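Protein chains: 2
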Amino acid sequence: MCAKRLGRQTLLLDNAPGVSASASVAGGKEGEGPLKRSFDFISDDARFGEKSWERSESALLKKCLALACGKAQLAPEELDLIISGDLLNQCAGSAYALRETGAPYLGLYGACSTMSEALNLGSILIDAGAAQNVAVLTGSHFCSAERQFRFPLEYGALRTPTSQWTVTGAGALILSAGGPGPYVTRVTTGRIVDMGVKDASNMGAAMAPAACDTLLAHFRETGRAPEDYDAVITGDLGLTGSAILAELLAAEGVALGARHMDCGSVIYDAKRQGVRSGGSGCGCSASVLAGYVLENMRSGLWRRVLFAATGALMSPTTSQQGESIPGICHAAALETEV
Amino acid sequence: MCAKRLGRQTLLLDNAPGVSASASVAGGKEGEGPLKRSFDFISDDARFGEKSWERSESALLKKCLALACGKAQLAPEELDLIISGDLLNQCAGSAYALRETGAPYLGLYGACSTMSEALNLGSILIDAGAAQNVAVLTGSHFCSAERQFRFPLEYGALRTPTSQWTVTGAGALILSAGGPGPYVTRVTTGRIVDMGVKDASNMGAAMAPAACDTLLAHFRETGRAPEDYDAVITGDLGLTGSAILAELLAAEGVALGARHMDCGSVIYDAKRQGVRSGGSGCGCSASVLAGYVLENMRSGLWRRVLFAATGALMSPTTSQQGESIPGICHAAALETEV
Numbered sequence: 001m002c003a004k005r006l007g008r009q010t011l012l013l014d015n016a017p018g019v020s021a022s023a024s025v026a027g028g029k030e031g032e033g034p035l036k037r038s039f040d041f042i043s044d045d046a047r048f049g050e051k052s053w054e055r056s057e058s059a060l061l062k063k064c065l066a067l068a069c070g071k072a073q074l075a076p077e078e079l080d081l082i083i084s085g086d087l088l089n090q091c092a093g094s095a096y097a098l099r100e101t102g103a104p105y106l107g108l109y110g111a112c113s114t115m116s117e118a119l120n121l122g123s124i125l126i127d128a129g130a131a132q133n134v135a136v137l138t139g140s141h142f143c144s145a146e147r148q149f150r151f152p153l154e155y156g157a158l159r160t161p162t163s164q165w166t167v168t169g170a171g172a173l174i175l176s177a178g179g180p181g182p183y184v185t186r187v188t189t190g191r192i193v194d195m196g197v198k199d200a201s202n203m204g205a206a207m208a209p210a211a212c213d214t215l216l217a218h219f220r221e222t223g224r225a226p227e228d229y230d231a232v233i234t235g236d237l238g239l240t241g242s243a244i245l246a247e248l249l250a251a252e253g254v255a256l257g258a259r260h261m262d263c264g265s266v267i268y269d270a271k272r273q274g275v276r277s278g279g280s281g282c283g284c285s286a287s288v289l290a291g292y293v294l295e296n297m298r299s300g301l302w303r304r305v306l307f308a309a310t311g312a313l314m315s316p317t318t319s320q321q322g323e324s325i326p327g328i329c330h331a332a333a334l335e336t337e338v
Numbered sequence: 339m340c341a342k343r344l345g346r347q348t349l350l351l352d353n354a355p356g357v358s359a360s361a362s363v364a365g366g367k368e369g370e371g372p373l374k375r376s377f378d379f380i381s382d383d384a385r386f387g388e389k390s391w392e393r394s395e396s397a398l399l400k401k402c403l404a405l406a407c408g409k410a411q412l413a414p415e416e417l418d419l420i421i422s423g424d425l426l427n428q429c430a431g432s433a434y435a436l437r438e439t440g441a442p443y444l445g446l447y448g449a450c451s452t453m454s455e456a457l458n459l460g461s462i463l464i465d466a467g468a469a470q471n472v473a474v475l476t477g478s479h480f481c482s483a484e485r486q487f488r489f490p491l492e493y494g495a496l497r498t499p500t501s502q503w504t505v506t507g508a509g510a511l512i513l514s515a516g517g518p519g520p521y522v523t524r525v526t527t528g529r530i531v532d533m534g535v536k537d538a539s540n541m542g543a544a545m546a547p548a549a550c551d552t553l554l555a556h557f558r559e560t561g562r563a564p565e566d567y568d569a570v571i572t573g574d575l576g577l578t579g580s581a582i583l584a585e586l587l588a589a590e591g592v593a594l595g596a597r598h599m600d601c602g603s604v605i606y607d608a609k610r611q612g613v614r615s616g617g618s619g620c621g622c623s624a625s626v627l628a629g630y631v632l633e634n635m636r637s638g639l640w641r642r643v644l645f646a647a648t649g650a651l652m653s654p655t656t657s658q659q660g661e662s663i664p665g666i667c668h669a670a671a672l673e674t675e676v
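As given, the protein sequences belong to chains A and B, one line each in that order.
If you're matching positions, the first sequence starts at 1 in my numbering and goes up one per residue.
If you're matching positions, the second sequence starts at 339 in my numbering and goes up one per residue.
For the record, the hints were derived by calculation from the structure and aren't laboratory data.
Each computed BS3-like pair below joins lysine-lysine, with the alpha-carbon atoms no more than 25 angstroms apart:
no., chain 1, residue 1, chain 2, residue 2
1, A, K271, A, K29
2, A, K271, A, K36
3, B, K374, B, K609
4, A, K4, B, K342
5, B, K409, B, K374
6, B, K367, B, K609
7, A, K29, A, K51
8, A, K51, B, K536
9, B, K389, A, K198
As the structure is a prediction and not an experimental result, all values here were calculated from the model.
Chain A extracted, bound-state conformation (with noise of 0.2 angstroms):
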């Protein structure tokens, strides 16, 4: 046996696999945010020179996974294996933009959790020495987000204030054998949690509980407290989400304070950028991970982080049933040194 297992959600990975390299790619509004700094590309064009809202998503995926190889000194081909999933319907947005790099492929769903899956999953292989260099990535891009779960852009629709803003951003990670670091070494897996949220206008709430569980979950069976991590950051719950996160985790005792940072919240500036509760989509957290969370452990910053990214699991066609949004949170945690 390889894994050891905490708890029934949490794996501790002996042999912790180390984020080898990281590249990060935004689009204009997330490059005039207060993280532009952290991006390594940021596309002047939100179209990154294609026909359609689809082939931009696919083309802003392969310039982050290019990026990433490029700094891991590794060719796409030499990867063991690439890891992805996006929003688009069918996950076509991953399909189309890795179709061509000839390394086997496990296609996620996990809505906006897709780069926690991806890291946590692309961990557990590597520790378990099923692979030696494992791509995880994933993205969003707002129009083509806009379009498929909304409105269409010329609509010019209203938002509500508890809605956010899909980032056009990617984030992409390799992970490697041995490291360098910073490394992951405790994984746990996130259950669906669905309160009966209902408003698609307000994923801040319905993946709340998701992320509490979660969160729960991985102190519990780890015997680590908040006060373990330098930083416990949440995907895209938003400035709505995050407030609901911290209400329920107050009800188990549990206070996250400030070291609590969300990848929706931080991501713009909302007042100014008009983006309401905040940020979300894949490329949200998968491009603050990739870019200003492994920066800050790069310099030092932090020392160990819980990087727990949200999704919420409905689609257009269920909410127009007027079912309710089921949530999950997977979770890692990252550190420095082992």
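For chain A, the structure is supplied; the task is to place chain B on it using the hints.
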């Protein structure tokens, strides 16, 4: 290290997980086909008691998991992990079917290769000691697929000779550390292969090159030949895709001969049931594996089979945009003895 890498794509699983239980569910048309005796449950209600086709799809997945768990004498909440995915936008069929299980969940998108992707991943995780009992399942529903991928049922659209009929059905396997068998001994992860086929009514042709690529990788990396298997089972190439696969393999000097069985070609009596080139959909290979294939292994008819489901990774949007169809195929060796 746990997993033994036989090559870039293939792992040897020393702690080979066993298929401790399996269940298959089918709709009426499938229940009138040649494999009717192999399904655990055949519904005489295409709606599975639900008001929408999407809910019907979730209901059939739920039913299938319940049957498999019943046979394994495990409650869903006792599972360490559930791995699932489907063809519906945002894989909503699986998320809504499984949201009440309370079990850790990994969502996949592999189109009609989902059963293979889930089977391989679940097996690797058990081999690595990351889980003891894992449910892998997937399904599809003719009516939800038809309106999402093709035309509203009410149009009564004509079908081309190469078209396939989406199976209403599901299959679930409970994988358990230590068995009992049949066991999963070798798994091969596929690469995305796109040979430029653009006809969404000819998925068999789009997927056959991926099947060829993965089967060749499996034989090459394991040092095995087709003759080492009692049956080499592809997912849903249908009659057209199966003929193309035979040609592609022949060009590489490989002949499967009579040991090739394609789930899409055997689940219906194509002429009598008017399904043109055969069956397709995640539920096709899943229900045939969970029923007919495992039955033949348990009865001793087959001792060693290679199961390789194929998926077409396009979406209706990419087809409308004139894109070709990327295919993928993953393969697993199932053996009665290890």
